[in-house]
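J.: The residues making up each chain are set out below.
2 protein chains.
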Amino acid sequence: MGDESGIGPEIILKALCSNEIPKNIEFKLVGSEKNLHDTYEHLRSLGLESLANPKNLKIHDLEVSSTNNNSKSSYGDSSFQYLKKAIEIVKQYPDSALVTGPICKKSWSLAGHDFTGQTEVLAKSCGVKNVGMLFTAKSPITGWRFNTLLATTHIALCEVSKKLNTELIHSKLDLFKDFCNTYNDKPTLKVAGLNPHAGEEGILGHEEKDWLNDALITWSKKNRNIKLLGPLSPDSCWNSSVKAWSDKNAEKHDGILAMYHDQGLIPMKVIALNYSVNTTIGLPFIRTSPDHGTGFDIAGKGVAQSQSMIEAIKAAVEITNNSRLLYTH
Amino acid sequence: MGDESGIGPEIILKALCSNEIPKNIEFKLVGSEKNLHDTYEHLRSLGLESLANPKNLKIHDLEVSSTNNNSKSSYGDSSFQYLKKAIEIVKQYPDSALVTGPICKKSWSLAGHDFTGQTEVLAKSCGVKNVGMLFTAKSPITGWRFNTLLATTHIALCEVSKKLNTELIHSKLDLFKDFCNTYNDKPTLKVAGLNPHAGEEGILGHEEKDWLNDALITWSKKNRNIKLLGPLSPDSCWNSSVKAWSDKNAEKHDGILAMYHDQGLIPMKVIALNYSVNTTIGLPFIRTSPDHGTGFDIAGKGVAQSQSMIEAIKAAVEITNNSRLLYTH
Numbered sequence: 099m100g101d102e103s104g105i106g107p108e109i110i111l112k113a114l115c116s117n118e119i120p121k122n123i124e125f126k127l128v129g130s131e132k133n134l135h136d137t138y139e140h141l142r143s144l145g146l147e148s149l150a151n152p153k154n155l156k157i158h159d160l161e162v163s164s165t166n167n168n169s170k171s172s173y174g175d176s177s178f179q180y181l182k183k184a185i186e187i188v189k190q191y192p193d194s195a196l197v198t199g200p201i202c203k204k205s206w207s208l209a210g211h212d213f214t215g216q217t218e219v220l221a222k223s224c225g226v227k228n229v230g231m232l233f234t235a236k237s238p239i240t241g242w243r244f245n246t247l248l249a250t251t252h253i254a255l256c257e258v259s260k261k262l263n264t265e266l267i268h269s270k271l272d273l274f275k276d277f278c279n280t281y282n283d284k285p286t287l288k289v290a291g292l293n294p295h296a297g298e299e300g301i302l303g304h305e306e307k308d309w310l311n312d313a314l315i316t317w318s319k320k321n322r323n324i325k326l327l328g329p330l331s332p333d334s335c336w337n338s339s340v341k342a343w344s345d346k347n348a349e350k351h352d353g354i355l356a357m358y359h360d361q362g363l364i365p366m367k368v369i370a371l372n373y374s375v376n377t378t379i380g381l382p383f384i385r386t387s388p389d390h391g392t393g394f395d396i397a398g399k400g401v402a403q404s405q406s407m408i409e410a411i412k413a414a415v416e417i418t419n420n421s422r423l424l425y426t427h
Numbered sequence: 099m100g101d102e103s104g105i106g107p108e109i110i111l112k113a114l115c116s117n118e119i120p121k122n123i124e125f126k127l128v129g130s131e132k133n134l135h136d137t138y139e140h141l142r143s144l145g146l147e148s149l150a151n152p153k154n155l156k157i158h159d160l161e162v163s164s165t166n167n168n169s170k171s172s173y174g175d176s177s178f179q180y181l182k183k184a185i186e187i188v189k190q191y192p193d194s195a196l197v198t199g200p201i202c203k204k205s206w207s208l209a210g211h212d213f214t215g216q217t218e219v220l221a222k223s224c225g226v227k228n229v230g231m232l233f234t235a236k237s238p239i240t241g242w243r244f245n246t247l248l249a250t251t252h253i254a255l256c257e258v259s260k261k262l263n264t265e266l267i268h269s270k271l272d273l274f275k276d277f278c279n280t281y282n283d284k285p286t287l288k289v290a291g292l293n294p295h296a297g298e299e300g301i302l303g304h305e306e307k308d309w310l311n312d313a314l315i316t317w318s319k320k321n322r323n324i325k326l327l328g329p330l331s332p333d334s335c336w337n338s339s340v341k342a343w344s345d346k347n348a349e350k351h352d353g354i355l356a357m358y359h360d361q362g363l364i365p366m367k368v369i370a371l372n373y374s375v376n377t378t379i380g381l382p383f384i385r386t387s388p389d390h391g392t393g394f395d396i397a398g399k400g401v402a403q404s405q406s407m408i409e410a411i412k413a414a415v416e417i418t419n420n421s422r423l424l425y426t427h
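Those protein sequence lines, which keep their order, are chains A and B.
Each residue of the first sequence is one higher than the last, beginning at 99 in the numbering used here.
Each residue of the second sequence is one higher than the last, beginning at 99 in the numbering used here.
Treat each hint with caution, since some may be false.
[To be verified] Just the calculated beta-carbon pair ranges, DEER-fashion:
(1) A:K261 x B:I396: 46 to 54 Å
(2) A:H304 x B:L371: 38 to 46 Å
(3) B:N311 x A:G210: 53 to 61 Å
(4) A:I187 x B:W309: 40 to 48 Å
(5) B:Y191 x A:K399: 52 to 60 Å
[Claimed, not checked] Taking lysine-lysine and the DSBU-like style, the derived pairs with C-alpha atoms no more than 30 Å apart in a straight line are:
(6) B:K284 x B:K350
(7) B:K307 x A:K170
(8) A:K319 x B:K204
(9) A:K236 x A:K182
(10) B:K227 x B:K261
(11) B:K346 x A:K341
(12) B:K236 x B:K260
(13) A:K132 x A:K399
(14) B:K350 x B:K399
(15) B:K307 x A:K346
(16) A:K236 x B:K346
(17) A:K261 x B:K227
(18) B:K227 x A:K204
(19) B:K189 x A:K399
(20) B:K236 x A:K350
(21) B:K236 x B:K156
The hints are simulated quantities; they were obtained by calculation from the structure and are not laboratory data.
The C-beta atom is built at its ideal place from N, Cα and C for all residues, glycine as well.
All chains should be built: construct the whole structure from the sequences, respecting the hints.
T.: Structure (structure tokens):
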């Protein structure tokens, strides 16, 4: 359910009422039955009609021991417990996938849960080290799937260069290859540089020259069925994605590896808007979530867009049905 | 002319032949007459017809003393000398503006010219400290002008956090305000955060909490006719620009201040593609240039797009004709 003081419950009720959601899927919601019912009644009172009725949904009603005092910390604690329980449930059912609502990291921190995001909790809970934060969107115009994988995720910008190294890039490319191989035997992957103009031969930053160029060459030699391009100038790296998104005849690539959060997320959101889905790859199951935050400023107003949640559910189903991807790590 | 081993001469000949270029403007090209003529003949031999004939252009033919041996360093030296001469000429004529072709920083460096870009040479040549690198594009769909100013420019990513401070942000906002005031008396400016989710209250980076939040508040108090929003989450900061670019009824803002090169340039290029123009603000004259590089990989093939050069010329004329902007610093 994510953080219940945000737009999570609203977009879930809206999404589960949409006719875009695949049939023959069993949904189980993990959260507070009472809160979900309250959200439903509130949204109905605002005049909203296209909502799933909580009465018709299977809810794993979780009582969280922390005081239910509507504080940030209380919502932080409950959203953390919902995630832990949901992971437990998904692990029990081999054909299941997890879709998560948005949470607030600050609220988690206030509640004493020091994780930088849901992805990190998932990796720890599954005992997996090499997971990937992949943003994926299917173009409604061309049907092309636009994929951006992040090499680093929720860290301060000044930490990015220190965190990156050859081993990390290789592990992310391995994950990316496995993901793309479920769609395409000979994928084309692009890698963005770290610095402006990909360092411009060392003038605008040394990482490309020092190790990133070499890292890509050595990985390429071991993975000859992948066409690997990069490191490319970050500011033009996504131009081909714009074209592939909107033009059926444009050249298509299978994915771009971004060096840091905003380098990948800015073009993803600008190009794919509400169609973008956050997917965790490398786990024993598929996990997706909408690519936006809790939207505290618009929570309770009835105006939240549910398209990203709809896409998250559709992507979870589509990817889970593709058995080749599962259990590769 | 920029670097003559790149696509500069080609896009100049294409642009000056376009009927989008305003009439009654006197152009003076600074570069090698011989090289421009050679480019013209070569492109004609490939079958290209929509080209300005160098015979009909005013050319300030500059003989550069470095050996004309077609080396990177030789092209680096000549493109540097063309810029210096062009600045000299523009300074002589009050109503003139400078449009520059793309150069290669590595070639400049090889020729012993240690500047990180043309902007830095311009600032030094004009004895101005506070200049701004502004990217601007006029939407062909809505006529809205999309502006992104960079707080830091051509530096390695790991240097960005060290370079930023309150004084720098205030000086860039001052420049941005003056620019926007030429279009709008009460502009709306947005400021992107530095870190993912604008630091998420200190969890994902400390700069916003330590000083950026306060820097915006103090500037806002001194500039009450500006609606200032930020620091905003970088990955959704440009979503409103996408809408304003393509929808006449969408809410419009006057500009976004980006913290670093790729944060601003990625969304600019994804949204505005070839319409984006690099403008230097804060100089005693207006300088624009296309927002792409030398395109060495496609130079001489006749396939370079001249739209960004056409937009650069149009923007230089439009902004120069607006006298309010000139000599404000």
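J.: Each of the hints needs a verdict: does it hold here or not?
T.: Hints, one by one, checked against the model:
1. A:K261 x B:I396: 46 to 54 Å: 35 Å, violated
2. A:H304 x B:L371: 38 to 46 Å: Violated, at about 30 Å.
3. B:N311 x A:G210: 53 to 61 Å: 25 Å, violated
4. A:I187 x B:W309: 40 to 48 Å: 44 Å, holds
5. B:Y191 x A:K399: 52 to 60 Å: 56 Å, holds
6. B:K284 x B:K350: 12 Å, holds
7. B:K307 x A:K170: Holds, at about 19 Å.
8. A:K319 x B:K204: Holds, at roughly 28 Å.
9. A:K236 x A:K182: Given pair K236 (chain A), K182 (chain A) holds - Cα atoms ~29 Å apart, limit 30 Å.
10. B:K227 x B:K261: This hinted pair holds, its Cα atoms lying about 15 Å apart.
11. B:K346 x A:K341: With Cα atoms ~23 Å apart, K346 (chain B) and K341 (chain A) stay inside 30 Å; holds.
12. B:K236 x B:K260: 33 Å, violated
13. A:K132 x A:K399: 19 Å, holds
14. B:K350 x B:K399: 39 Å, violated
15. B:K307 x A:K346: Between K307 (chain B) and K346 (chain A) the Cα gap is close to 45 Å, so the pair fails against 30 Å, i.e. violated.
16. A:K236 x B:K346: 26 Å, holds
17. A:K261 x B:K227: 34 Å, violated
18. B:K227 x A:K204: 39 Å, violated
19. B:K189 x A:K399: Between K189 (chain B) and K399 (chain A) the Cα gap is close to 56 Å, so the pair fails against 30 Å, i.e. violated.
20. B:K236 x A:K350: Distance of about 28 Å is within 30 Å: holds.
21. B:K236 x B:K156: Cα-Cα ~28 Å, so holds.
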